[in-house]
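So the protein sequences, as listed, match chains A and B. Residue 158 in my numbering sits at position 158 of the first sequence; the count goes up by one each step and never skips. Residue 199 in my numbering sits at position 199 of the second sequence; the count goes up by one each step and never skips.
These aren't lab readings, by the way, just hints derived from the structure by calculation. There may be inaccurate statements among the hints.
As the list claims (entries may be wrong) - Here are the computed lysine to any residue pairs in the SDA-like style, where the Cα-Cα straight-line distance is at most 25 angstroms:
(1) A:K35 - B:R115
(2) A:K35 - A:E331
(3) A:K328 - B:R115
(4) A:K328 - B:Y11
As the list claims (entries may be wrong) - Derived, one-sided and incomplete: chain A residues facing chain B with beta-carbon distance under 8 angstroms:
(5) V20
(6) T37
(7) I45
(8) G219
(9) A222
(10) G223
(11) H226
(12) V269
(13) F271
(14) I330
Where is the CB? At the ideal position from N, CA and C, for every residue including glycine.
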Amino acid sequence: MTKAKAAKAPHPAVKLKEKVSAGVRQQAARTLARKQTPIVPPDNIAARAMILVVAIMTFLSCLTLGAVTLVRDTAATWQTQIAREATIQIKPADGLDMEAALADARDIAAGHRGVRGASIVSREATTRLLEPWLGPGLDIDELPVPRLIIVTIDPVERPDFAAMRAELAEAVPNAALDDHRTWVDRLVAMARTTVTIGMAVLALMLSATALTVIFATRGAMAGNGHVIEVMHFVGAEAPFIAREFRRHFLLAGSRGAAAGGAAAIIVFVLFSWWSSRNVATPEGDQTAALFGNFAIGTSGYLGVALVVILIAVLTAATSHVTVMAHLKRIET
Amino acid sequence: MIRFENVGLRYGMGPEVLRDVSFHLPERSFQFLSGPSGTGKTTLLRLLFMSLKPTRGLITIFGKDRSRVTRQELPLLRRRIGVVFQDFRLLDHMTTYENVALPLRVRGREEASYRGDVVELLKWVGLGDRMHVLPPVLSGGEKQRAAIARALIEQPRILLADEPTGNVDPQLARRLLRLLIELNRMGTAVVIATHDIGLMEQVEARRMVLSGGRLEIYD
Numbered sequence: 001m002t003k004a005k006a007a008k009a010p011h012p013a014v015k016l017k018e019k020v021s022a023g024v025r026q027q028a029a030r031t032l033a034r035k036q037t038p039i040v041p042p043d044n045i046a047a048r049a050m051i052l053v054v055a056i057m058t059f060l061s062c063l064t065l066g067a068v069t070l071v072r073d074t075a076a077t078w079q080t081q082i083a084r085e086a087t088i089q090i091k092p093a094d095g096l097d098m099e100a101a102l103a104d105a106r107d108i109a110a111g112h113r114g115v116r117g118a119s120i121v122s123r124e125a126t127t128r129l130l131e132p133w134l135g136p137g138l139d140i141d142e143l144p145v146p147r148l149i150i151v152t153i154d155p156v157e158r159p160d161f162a163a164m165r166a167e168l169a170e171a172v173p174n175a176a177l178d179d180h181r182t183w184v185d186r187l188v189a190m191a192r193t194t195v196t197i198g199m200a201v202l203a204l205m206l207s208a209t210a211l212t213v214i215f216a217t218r219g220a221m222a223g224n225g226h227v228i229e230v231m232h233f234v235g236a237e238a239p240f241i242a243r244e245f246r247r248h249f250l251l252a253g254s255r256g257a258a259a260g261g262a263a264a265i266i267v268f269v270l271f272s273w274w275s276s277r278n279v280a281t282p283e284g285d286q287t288a289a290l291f292g293n294f295a296i297g298t299s300g301y302l303g304v305a306l307v308v309i310l311i312a313v314l315t316a317a318t319s320h321v322t323v324m325a326h327l328k329r330i331e332t
Numbered sequence: 001m002i003r004f005e006n007v008g009l010r011y012g013m014g015p016e017v018l019r020d021v022s023f024h025l026p027e028r029s030f031q032f033l034s035g036p037s038g039t040g041k042t043t044l045l046r047l048l049f050m051s052l053k054p055t056r057g058l059i060t061i062f063g064k065d066r067s068r069v070t071r072q073e074l075p076l077l078r079r080r081i082g083v084v085f086q087d088f089r090l091l092d093h094m095t096t097y098e099n100v101a102l103p104l105r106v107r108g109r110e111e112a113s114y115r116g117d118v119v120e121l122l123k124w125v126g127l128g129d130r131m132h133v134l135p136p137v138l139s140g141g142e143k144q145r146a147a148i149a150r151a152l153i154e155q156p157r158i159l160l161a162d163e164p165t166g167n168v169d170p171q172l173a174r175r176l177l178r179l180l181i182e183l184n185r186m187g188t189a190v191v192i193a194t195h196d197i198g199l200m201e202q203v204e205a206r207r208m209v210l211s212g213g214r215l216e217i218y219d
């Protein structure tokens, strides 16, 4: 009897197999039931062209944004670097103890608030500085060569140059303080002009992108007029129709914009990598002198993300406006 | 149910396409709308379906003055009217089943809640075995039946059919007509726009004849 029962009861492995196959069947049924064809037709040629246009325009916009970020950062660095230093020049004169004058001037400068440090350019360093013009083996004592003191300044809390100049004139009459104001002012003006031009180019680029994206989206929407009409005639409310298209075009726009943004980021990363590989080479130094380390930084990457989001939202908004306009046309 | 009083319509600054059209469509009624091509049958159907506004006259639909119906109210009123277009207007990327279920889907209903109804209706119109086929694969008659099924899925109070037999052979036309008569027996008012005299002779029904923009009714 027990044996017969055991023979009738299914084997645990068979039970497990049945359970698994039932689960798979259930899951398949659920998946099939859920998977409905989207109401907005899948991408046609116009929609694919739109995605491509969105990607290209996003790429160009992001490149412009990155370039402007780079120029802005570099201009800011130029300004800070040059404004971080001032120079005291002491001209030789009969009976002037140059070393004592240098030490006095250095102490006066170092004693001012806002000065981080002051260092005398040594005789050897001065000789090296003049070597390209006067050749090697120069005896500095034979010529009336002026000497320099480099004053390092706190860029946040700048010293009172007028007071320093007055104090120097009193203690060391041959000393002249150059706070690089002329250079800084000219550089600031140039940097501001560069950044303004960059911003204008970026504004033009973004406007062109917006218009292109709008027209491309409208082009892609043109083939969907019949879908809007059918939905309208089967009793779909305008917000429902607009939502379906918005969702579809937000996805399509996001795909294009993300591809364009990613391509731009790849370009920046490649440039950054190239410049880091070429450190201490003539080309690398030349590029570094112009563009710093060629990294667009966090703000640059955030800007790229913002452009991508804006373009995707613009695509969705255009589809929304187009649907509403089409519905209005049907009504009248 | 639907009443027209001295309705006139012109497109832009052109001549009046419809002039002083007056009639009443009662519940559960069955009528043909006929007349030569270009006399305004489709225009009259569009007025019935509220996709056009009359330039003059009064239209009352389900007790509401058409001129006072807001854009928000339109979809709700349209759900009580089923329309079969001359060119079917099926969405080619959706299966027959999905096309027929579209009116319910756009109302935000869950697929599980209407699946049975759609399948039953598709069987009733003879498309039980063509449910998962895309419209481009369907024959003209099958497309017509799918369009009728889509118009009926929400159990409208009135069905407007624009040349429903225009693209099918006489035998299929008779089958479609029987389908519409059966529907009418179940309580739906039917308006069939056609210029097929042979079709009209098969049924004793009210005839609304458009000629030169005016409507004459033969009960």
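For which of the previously enumerated hints does the structure constitute a violation, in increasing order of number? 2, 3, 5, 7, 8, 9, 10, 12, 13
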